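Student: In this note's numbering, the protein residues as written are 12 to 169.
For the record, the hints were derived by calculation from the structure and aren't laboratory data.
Treat the numbers as computed from the prediction; the structure is a model and nothing was measured.
Backbone N, C-alpha and C fix where the C-beta goes; we use that ideal spot for every residue, glycine too.
Among the hints, erroneous ones may be present.
To be verified - 20 angstroms max Cα-Cα, derived SDA-like pairs, lysine to any residue:
id : residue 1 : residue 2
1  : 135       : 82
2  : 135       : 78
3  : 135       : 55
4  : 135       : 50
5  : 135       : 111
6  : 135       : 101
7  : 135       : 103
8  : 135       : 17
9  : 135       : 147
Stated by the list, open to error - Ranges of calculated distance between the beta carbons of each label pair, as one might list FRET restraints:
id : residue 1 : residue 2 : range
10 : 45        : 80        : 23 to 33 angstroms
11 : 102       : 159       : 21 to 31 angstroms
12 : 66        : 90        : 14 to 24 angstroms
13 : 64        : 148       : 35 to 45 angstroms
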Amino acid sequence: MGRWQERQARRLRAMYVGGRGNAAARRWSRAWVRLIGSGLGPRRWATLEVLGRRSGEVRRFPLGLADVGEDWYAVSMLGECAWTRNVRAASGEVVLRGRGWGPVRFVEVPVAERAPVLRRYVEKVPGGRPHVPVRVGAPLADFAAVAPEFPVFRVTRR
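Start from the sequences, fold in the hints, and give me the full structure.
Tutor: The following block contains the structure:
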């Protein structure tokens, strides 16, 4: 990774200290939610809509998805966070907005099966790379070592 890329990665990580987005991250998130939710962008980008576990209101989060074979997966680049807890509280019943998506179910992937998904995620979702401490092209064992820290959900049609 070059010096410029490392500085950029540090800036992105600094926007999410403690697993929560700062004011700048929240502004970017709102902009991405609008853009992606309108269907612009590749299928890999989606806006997650899930009921808040405490408020009961719809919460929206932009996500980059990983495809492995025929299946699609959502990875939490921040590890355990608000959207992962909301998804579990909603028993996985969520809506993905974006190109070709709709009502879906998120099924949590066991830790032992996450490594290939994390590898694909790091390859295909540049915004998630700074948060996953494994470089693109690293051996699968390196991804397996960090798999417990990153919740992964398989996307299934309802």
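Student: Please name the hints from earlier in the document that this structure breaks, with their numbers sorted from lowest to highest.
Tutor: Violated hints: 6, 7; rest satisfied.
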